[in-house]
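Engineer: Please model the entire structure based on the sequences and the hints provided.
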Amino acid sequence: MGGAGWSHRLPTAGSGVRRGLGCAAPLGQAASGRWREMGKKSRVKTQKSGTGATATVSPKEMLNLINELLQKCSSPPPGPGKEWEEYVQIRSLVEKIRKKQKGLSVVFDGKRDDYFPELLKWATENGASTEGFEIANFQEEGFGLKATREIKAEELFLWVPRKLLMTVESAKNSVLGSLYSQDRILQAMGNITLAFHLLCERANPNSFWLPYIQTLPSEYDTPLYFEEDEVQYLQSTQAIHDVFSQYKNTARQYAYFYKIIQTHPNASKLPLKDSFTYDDYRWAVSSVMTRQNQIPTEDGSRVTLALIPLWDMCNHTNGLITTGYNLEDDRCECVALQDFKAGDQIYIFYGTRSNAEFVIHSGFFFDNNSHDRVKIKLGVSKSDRLYAMKAEVLARAGIPTSSVFALHSTEPAISAQLLAFLRVFCMSEEELKEHLIGEHAIGKIFTLGNSDFPVSWDNEVKLWTFLEARASLLLKTYKTTVEVDKSFLETHELTPHAIMAIKLRLGEKEILEKAVKSAAASREYYTKQMADGAPLPKYDKGHIALLENTVADSRLPIVLRNLEDVEEQGDLKIDEAIDAEVTENGFVNGENSLFNGTKSESENLSKEKSNRGTEDAKESSSESTDEIAILLSGKNCGKRCLWKILQPFVEPNVFSSWGRIKLFYLLCVCCSVTLTTEIKSLLCLLPRKAEGRTDSVFSMKVGEQYSRKLNERIRNLGDWRKTCLKSGVPVQKKAVVFIYKVGRATGDFESR
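For any residue, its number in the numbering used here is found by taking its place in the sequence shown, counting from 1, and adding 102.
Just so you know, not all the hints are guaranteed correct.
Claimed, not checked - Capping the alpha-carbon separation at 30 Å, the derived lysine-lysine pairs in BS3-like fashion look like this:
1. Lys361 x Lys274
2. Lys375 x Lys361
3. Lys254 x Lys443
4. Lys274 x Lys371
5. Lys535 x Lys578
6. Lys361 x Lys198
7. Lys443 x Lys223
8. Lys619 x Lys640
9. Lys198 x Lys375
10. Lys213 x Lys162
11. Lys619 x Lys588
12. Lys578 x Lys184
13. Lys640 x Lys535
14. Lys213 x Lys265
15. Lys184 x Lys535
16. Lys588 x Lys184
Stated by the list, open to error - Listed next, with one range per pair, are the computed distances between beta-carbon atoms:
17. Ser283 x Phe310: 18 to 28 Å
18. Asp376 x Lys578: 49 to 59 Å
19. His542 x Lys443: 53 to 63 Å
20. Leu596 x Arg200: 18 to 28 Å
21. Thr629 x Arg200: 54 to 64 Å
Since the hints were made in silico from the structure, they are not lab data. Positions of the beta carbon are idealized from the N, C-alpha and C atoms, including for glycine.
Structural biologist: Structure follows, in structure tokens:
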């Protein structure tokens, strides 16, 4: 979900999700196609054995299994090649626990759609919009919203007041509040807090949110619900490590909180004490993982996680984010993505997620995903003779020396960051010097990610040769080919989960094959240019248009996207990389990082210890539960002054013209600012509010207020420049002077 500066964790609606044909059963259905009944509270403390006799679950026996599970899930990450073995062991313990807990979960009577009329009534009575659409079953895509009248593109058609949302704040004020105040994991991980909030309210027959909770799916199609043989189809994919991590984290959390609920004095009043099953927790985690979004707190000072009833019934398609939060009216608002006629399904755009992210965190595969991509881990080896120079050039471009980049399914196949990294990675010593101390060094930094301005023909040949070799080696890590996967899908009777898994691995290989072909074609082209002695395009430092967002992403100077940290063992020298074999420390599928994805187990453990963990329950997107902020490395005067300029951009409901967005890019790149995911999402939204737009979903009053603040800071840039120059930091001097010149040239602030 997105909007005025708070978009992230987009819904993967259990409400029904746009799926590829035959990918999975509609949400809320089991794989067999039958509805698993949910409804009125019906708790059972005993279960029947296979012979029909009643068997009471022994608390001691259960606690022993819980302790064994917690110990197993808290062990260090397994060595290479041992992940599957660990997964099977954890799964075996979980299945033992599930078997003993059979019949103990809270369920509701009837079918999910029986409760839709009550949901609409509840929403209407509490100030939500329910006119112009209805809830309908779209078969393969599950339930969604259907237009009952014509809805024009960008028309505000849906809003949901804060009082209807389930948030971390409402959890603090509920029966969960007492435990929340004492448990550090709940305090650090809003997603887990939201999951327990959901469980407690589901168990309360008088809950305000019961009309919403009763309409949630009883089961999901995320890998947490896959059978073991279905998970096997994901072997060798980039997604498998995140699937293992997701399962292990969920099991560990369940075991930890089972003991907390049974022993912690502040948990004594929770309605979960008599019945807290693994299936209950898996359901709650999946509900949150597929629906959680960030919204501003009431005072707009920070963000919080929320579940948004009714709105989360919308299914996904390609497009732009059209949802935001109106702080003045204190409600979530959504405008139409396109024109919808009566009878059409109303779609929204969940965000730029890959299919791996959709499968892992949403439980569906989107066939026409224009944002699909695969990860590629790259780094400059510290043993490289030119490491220091390459690191400095990359730092000036705002790129780490070691990162996880992406190869995209659409053109261009590589981003501006990846192009810039590869150019630096392949530079000769002389080329590096030109970018560090040459006459136009700063200008050259800003063209590193621009495909129109090669460093040299030789550099281009090297980088495309390297990328071709790297993508080819990644392809060899898969156990099947594209042709084998296509044939398998056509000739075998497969479960919806198995189809989803095979489509995912097929899609990854198709992206890599495309990257190989594209790199080979580029290599041949630049080889010919070099052989023909063609002149290099000249960079005109006065050509400000080069800094604009043009047709293709690769034409941007340096676009600030999500770059994950990677292990040093992935670092390579270019002469080693092109001829290398696939090795454990070399060409791997980037198992430790995923945009909006899970981290490695060791990372999760350290996050829990530091109270910053956000991965476990949601297993989604990255560290986006952090408050919107910009992390500035270093404490010199220049960067403190820079913050004064950047600060307005991180406020809720801020919108800017392209000129100011451009200035923002320049400021960040020049001063090596690291952006959080929220700010990157915000940057994607800014163009939606170009000058002259008056979409009712956005608050013009608030936007203008921050715009005035921004202009005031820009007008004072001359004074800040003088202060920065006194700091004595050469890079800062050049950066500020350059920004100042660009600002004058683009008219973003007056010449002083």
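Engineer: Taking the earlier hints as the rules, which of them does this structure contradict?
Structural biologist: 5, 10, 15
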